[in-house]
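Chemist: Fit chain B to the known structure of chain A by using the hints.
Protein chains: 2
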Amino acid sequence: VEEVVWQGRWLEMVRKDQWEFVRRRKATGVVAVMAATPAGELLLVRQFRVPMGADAIELPAGLVGDNGEEDPLVAANRELEEETGWRAGKLSFVCTTPSSAGLTCETVQLVLATELVHVGAGGGIAGEESIKVETIPLGEVHGWLLRQQAEGTLVDAKIWAALWLLENFEKAT
Amino acid sequence: VEEVVWQGRWLEMVRKDQWEFVRRRKATGVVAVMAATPAGELLLVRQFRVPMGADAIELPAGLVGDNGEEDPLVAANRELEEETGWRAGKLSFVCTTPSSAGLTCETVQLVLATELVHVGAGGGIAGEESIKVETIPLGEVHGWLLRQQAEGTLVDAKIWAALWLLENFEKAT
Numbered sequence: 001v002e003e004v005v006w007q008g009r010w011l012e013m014v015r016k017d018q019w020e021f022v023r024r025r026k027a028t029g030v031v032a033v034m035a036a037t038p039a040g041e042l043l044l045v046r047q048f049r050v051p052m053g054a055d056a057i058e059l060p061a062g063l064v065g066d067n068g069e070e071d072p073l074v075a076a077n078r079e080l081e082e083e084t085g086w087r088a089g090k091l092s093f094v095c096t097t098p099s100s101a102g103l104t105c106e107t108v109q110l111v112l113a114t115e116l117v118h119v120g121a122g123g124g125i126a127g128e129e130s131i132k133v134e135t136i137p138l139g140e141v142h143g144w145l146l147r148q149q150a151e152g153t154l155v156d157a158k159i160w161a162a163l164w165l166l167e168n169f170e171k172a173t
Numbered sequence: 001v002e003e004v005v006w007q008g009r010w011l012e013m014v015r016k017d018q019w020e021f022v023r024r025r026k027a028t029g030v031v032a033v034m035a036a037t038p039a040g041e042l043l044l045v046r047q048f049r050v051p052m053g054a055d056a057i058e059l060p061a062g063l064v065g066d067n068g069e070e071d072p073l074v075a076a077n078r079e080l081e082e083e084t085g086w087r088a089g090k091l092s093f094v095c096t097t098p099s100s101a102g103l104t105c106e107t108v109q110l111v112l113a114t115e116l117v118h119v120g121a122g123g124g125i126a127g128e129e130s131i132k133v134e135t136i137p138l139g140e141v142h143g144w145l146l147r148q149q150a151e152g153t154l155v156d157a158k159i160w161a162a163l164w165l166l167e168n169f170e171k172a173t
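Going down the list, the protein sequences come from chains A and B.
In this text, residue positions in the first sequence follow this note's numbering: the first is 1, and each later residue adds one.
In this text, residue positions in the second sequence follow this note's numbering: the first is 1, and each later residue adds one.
Next up, chain A with everything else stripped away, as it sits in the complex (with noise of 0.2 Å):
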């Protein structure tokens, strides 16, 4: 039996069993984007999070559904293009993790956005978010987060991730 212990605005606190866990209220999931320019540049995004109280450079992701139901694509397409500047022209799902399977039932799936084209500033929503973001060539990214972690800011190992997704994923597909 599931029980609804606590209820905030965005999070809620449910017991099972012995077990408890954290839902998000008002999202059906969470996207995280894998997308290259045409330069061959991983971009990703930085931003103060206050959860960790420091920075922290992730992949483009964002909430599916918290404005009502939503196709995860489309929603991974939009996060893209408000926190980077860039759309893409085809995305398709690689996997999907939990974010940290004993405490929450949060899931994110990973989507692979190609054919990019450039159409704004990107830095997230003006007013709401405060995101910079980070174009690296890919074969500088590895070293580029070493020198981020040791310079204090967290690194999201999901960009470990796609670091070797986006070597392996289409050659065993």
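Keep in mind that a hint or two might mislead.
For identical chains, the list gives no copy identity; a pair is met inside one copy or between any two copies.
[Stated by the list, open to error] As a list, the in silico EDC-like pairs of lysine to aspartate or glutamate whose alpha-carbon atoms are at most 20 Å apart:
(1) K16 with D55
(2) K16 with E128
(3) K16 with E129
(4) K16 with E140
(5) K132 with E82
(6) K90 with E167
(7) K16 with E2
(8) K16 with E151
These are calculated hints, taken from the structure and not from any lab test.
Modeler: Just chain B now, kept in the frame of chain A:
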């Protein structure tokens, strides 16, 4: 200003500015272990995850400091042995990742374990955990994960990250 708005046995909910996020009460962190056997097989674990309502394939992992102050590398080796039956002669930090930077302050430290020796059966703490060890040759992990995913088993993206880091981390440092 930060306010604890709900407190459970394991988790608590925090409100700060417009944000809600979840925090672990009884742990200082989480470690996940990248470990390959002398025969070149990656050690993975499969277990049912209550928040997901499904099986997940993950790196061997566990909480740090849930029974008092603890060195994360000591915790990493304890979890590796409990879950897989292998113990490492050498452990080192590779990187730290937020689990979901907008939802929780939880971070996971990725630890590289080498010089492995087989000391037991693994499977987790008897009576508390039910963990199946998966021992997959490194060159076959990618295809194996895609098949697991196609069959409906959740795959934690930190495994894809580990495949990248196992190939690239030592080289770059």
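Chemist: Work down the list of hints and note, for each, if the structure agrees.
Modeler: Here's how the hints hold up against the structure:
Taking CA atoms no more than 20 Å apart as the test, K16 paired with D55 passes between copies only; the shortest distance there is 16 Å, against 33 Å inside one copy. In this homomeric assembly, K16 and E128 come within 20 Å of each other (Cα to Cα) only across copies, at 16 Å, whereas the closest approach inside a single copy is 35 Å. For the identical chains of this complex, K16 and E129 are inter-copy neighbours only, at 16 Å across copies versus 34 Å inside a copy, given an alpha-carbon limit of 20 Å. In the homo-oligomer, the alpha carbons of K16 and E140 never lie at most 20 Å apart, since the shortest distance is 45 Å inside one protomer and 36 Å across protomers.
Proximity of K132 to E82 under the C-alpha cut-off of 20 Å is restricted to the intra-copy arrangement: shortest distance 11 Å within a copy versus 42 Å between copies. For a Cα distance limit of 20 Å, the shortest separation of K90 from E167 inside one copy, 18 Å, qualifies, whereas the shortest one across copies, 29 Å, does not. Taking identical chains as interchangeable, the C-alpha atoms of K16 and E2 lie at most 20 Å apart only when both belong to the same chain, with a minimum of 5 Å there against 27 Å between chains. In this assembly of identical chains, K16 and E151 lie within 20 Å of each other by CA distance neither inside one copy nor across copies; the values are 40 Å within and 25 Å between.
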